Amino acid sequence: MAKNTNVTTPAATNGASPIKKSTGRPSIATTINELKSTIDTTLSNYFDSLTPKLKLIDIFLTFLVLLGVINFVYVLLIGNFPFNAFLGSFISCVGQFVLLVSLRLQINEDNGQKFFKDISPERAFGDFIFASLILHFIVIHFIN
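Add 1475 to a position in the sequence shown, counting from 1, and you land on the number used in the numbering used here.
Just so you know, the hints here were simulated from the structure itself, not pulled from any lab data. All values reported here derive from a predicted model rather than from experimental measurement. Treat the hints with care, as some may be off.
Derived lysine-lysine pairs resembling BS3-like cross-links, with alpha carbons at most 27 Å apart [what the hints assert, rightly or not]:
id, residue 1, residue 2
1, Lys1528, Lys1589
2, Lys1530, Lys1511
3, Lys1530, Lys1592
4, Lys1528, Lys1592
5, Lys1511, Lys1592
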């Protein structure tokens, strides 16, 4: 048996429209506007505070993430016939991403002075190049 869910309020019985009670929750438009302003503030602070070197590293990091996603989507849609080629390319993207994040942490003035006192930015870049060469050498030999 169905329960009667219609509730008659005094405002509804005399022909006037029912009164809406405030629930205390912000509207969707307010939430979206706050989200947009937060994103705009974050992006403006990001672009104002970073050096060109760090921006270039961040662009390369974004490229590596997109390349990894494209590799993964390709395997899902087309197939993974030479599976070692997929693994090599995906591991190359992930490994290069990790090495680049390490370089970014060492070059960043905010982090570099605290944690990497003995490592100069030139030494960090040299270590990055050497580790990248080893990574790609291993990936090429893995693919055959």
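Quick rundown of the hints versus the structure:
Distance hint between Lys1528 and Lys1589 is fulfilled; the C-alpha atoms sit about 19 Å from each other, no more than 27 Å. For the proposed pair Lys1530 and Lys1511, the alpha carbon gap of about 22 Å is at most 27 Å, so the pair holds. In summary, the hint linking Lys1530 to Lys1592 is supported, as the alpha carbons are separated by about 22 Å, within the 27 Å threshold. Proposed proximity of Lys1528 and Lys1592 is supported: the alpha carbons are some 19 Å apart, at most 27 Å.
Distance check on the hinted pair: Lys1511 and Lys1592 sit about 38 Å apart at the alpha-carbon level, beyond 27 Å; violated.
When each numbered hint is compared with the structure, a violation occurs for hint 5 only.
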